[in-house]
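Put together the whole structure using the sequences plus the hints.
So the chains spell out like this:
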Amino acid sequence: MAATTEAKTRSLKTWQGINQALTEEMERDPSVVLVGEDVGCPGGPYGVTRGLLDRYGSKRVRDTPISEQVLVGLGVGAGAVGLRPVVEIMFFDFAMIAMDQIVNQAAKFRYFSGQSMPLTIRTMCGAGGPNGAQHSQNFEAWFCAVPGLKVIMPSNARDAKGLLKAAIRDDDPVLFIETLGLLPTRREVPVDEDFVLPIGVAETRREGTDVTVVAVGRLVDRALEAAEALAAEGVSVEVIDPRTLSPLDTETIVESVRRTGRLVVAQEATAPCSIGAELVALAAERCLPQLKAAPIRVASPFINVPTPVPLAEARAPKATDVAAAVRTVMEPA
Amino acid sequence: MRLSRRFEETVHDQFHEGQVPGPLHLSIGQEAVAIGACEGLRVSDAILSTHRGHHHCLAKGASPGRLMAELLGRTAGYSRGRGGSMHVAIPSIGLLGTNGIVGAGLPIATGAAYAMQVQERDDVCVCFFGEGATGTGAFGEAINIAALWQLPLVFVCENNQYVELTPQELHVAGEIWRRGESFGMPGERVDGNDVGAVADAVATAVARARDGEGPTMIEALTYRWFGHYAGDQAAYREDEEVQRWRTLDPLVRSRAALSDADAGALDASVEDEIAAALAFALESPITGPDALAVDHLATV
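Sequences listed follow chains A and B, in order. Remember, this note's numbering sits 2 above the position in the first sequence when you count from 1. Remember, this note's numbering sits 15 above the position in the second sequence when you count from 1.
Hints in this document: simulated from the structure, not taken from any laboratory. Given the structure is predicted, the values throughout are model-derived calculations rather than measurements. Ideal placement from N, C-alpha and C gives every residue a C-beta, glycine not left out. Among these hints, one or two may not hold up.
Stated by the list, open to error - For the chain B half of the interface with chain A, some residues (derived, Cβ under 7 Å), not all of them: (1) VAL58; (2) ALA61; (3) SER94; (4) ILE123; (5) GLU156; (6) ALA157; (7) ASN159; (8) ALA162; (9) GLY199; (10) ALA283; (11) VAL285; (12) GLU286; (13) LEU312; (14) ALA313.
Below, the structure written as structure tokens:
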């Protein structure tokens, strides 16, 4: 699925990009349905799905009981008999209740049957609201350990729209992870209704020659901010957003790290067994001769997410943390 | 029923000969539930099966040869011999999966039934599960949403008296066939060793579902003749109990309706079919490592 003309754009908030992707794909394909808790009547707890129930009716846009296993099971069963379901798990934390259906069922269907499972599971991660330790977590790496599942984590309105459309059109189960803190952020988004971004392709958001920063989700904007500040210090930072975490675009990342010789990874998740850990392993396996410094993971500390927003924000890594890590890898060996 | 019985006896022999590279959960003694329930189903109707599901697969139209090949780890199997008994899914005939996870078919059944509702088909989904699955959260979630949305879904609890290695008394409170009552879902308990009784009860429930009148809870009482898995000697139960249930063999009971000549002809045709299935499976190459990576994703 190649990206199409991007000539005409419009500034959208991330939630609007998601809403447009859902609307356009439901308009385009009558087999697309949306099920989830509060997705219909109220339009989602943060308004992401507003307007869809009025437009497509309660057959295709359906509020479900609080039944996460059945919620994903609705998607697996419907996907098996001809629909192209989009299932919303309100907070990523709630995916823990549906793990069997995601990991043991959706991700195994093709392996057992040889048939497609065109299921998209949307969920939302991260701190950013007064939601606390059971409504703010980042589990993206857990799902990257599962064969048969794709994992997408967009960092902005443009990618959210283009990649959600790709996920819905894709014949594999896709976990599409939205980030609460990014819902109100803006980026220019192509107006073209066939603007679809390819799954599995990273985007180099800023080119640079001294350090590669691979940033995920909410940390992409912060990495770009750090890169801007560091440019004033004479440090040239390349910022890569993987966008798809599984399958990961390893070639783009390896090429960049081999060229710069330095790697910093930035994520909202905690560090142990994370995407950052995977990227550092990738650099160790494939870029060791070129590495000029030990890679650094910028991550949330290995503690639970507090409920008060100022404390939650204090826990999350900031642009200054990314900049400090870049300065460290730039120090002479 | 005889096909299913002879299929499992044959694969059980193969197991003892070391030809089955995985676990086997035999449904011998329970055939009437699957065959009765699937009797009136269309290809476009869906079923969900369990870890003990060979009889469901055959009743819904799986090829005995390909199913045998799957259990024997052969390339002609439905999952290229990689999945085995608990991991068979044949969407083209409406078999959405046997399952290694107890209770996992219940949420998937709601999804298939929801899709049929959205697509305005008059197809139905029949979800088989054991009495052990009624202890899962998925069971509670599934019956609620099925009743709430009036889904074209028939729940068929195949109560074979044992949940893995322990009797159902240690697992099940109350009466399963009445579990849907407070949801407004009709329930019925049937003799699961009487193929006609199962067929009648399911046919009534299927007709309701096709007419948009929602789900039904059927509990079919039957008995697992063998252990939980091939090799389990089932020392945790009394021989007398097993023998009592064996006298209620669903095959013997249904056979009474046939003339000797018809029964003999049926037996002969089943033997031919089983022999052909086994030959087909054994002629298929044993699956090797080269088949392991395929069919994980449609596009990478």
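Check your understanding: Any of the earlier hints contradicted here, and which numbers?
Key -> Violated: hints 1, 8, 9, 10, 11, 12.
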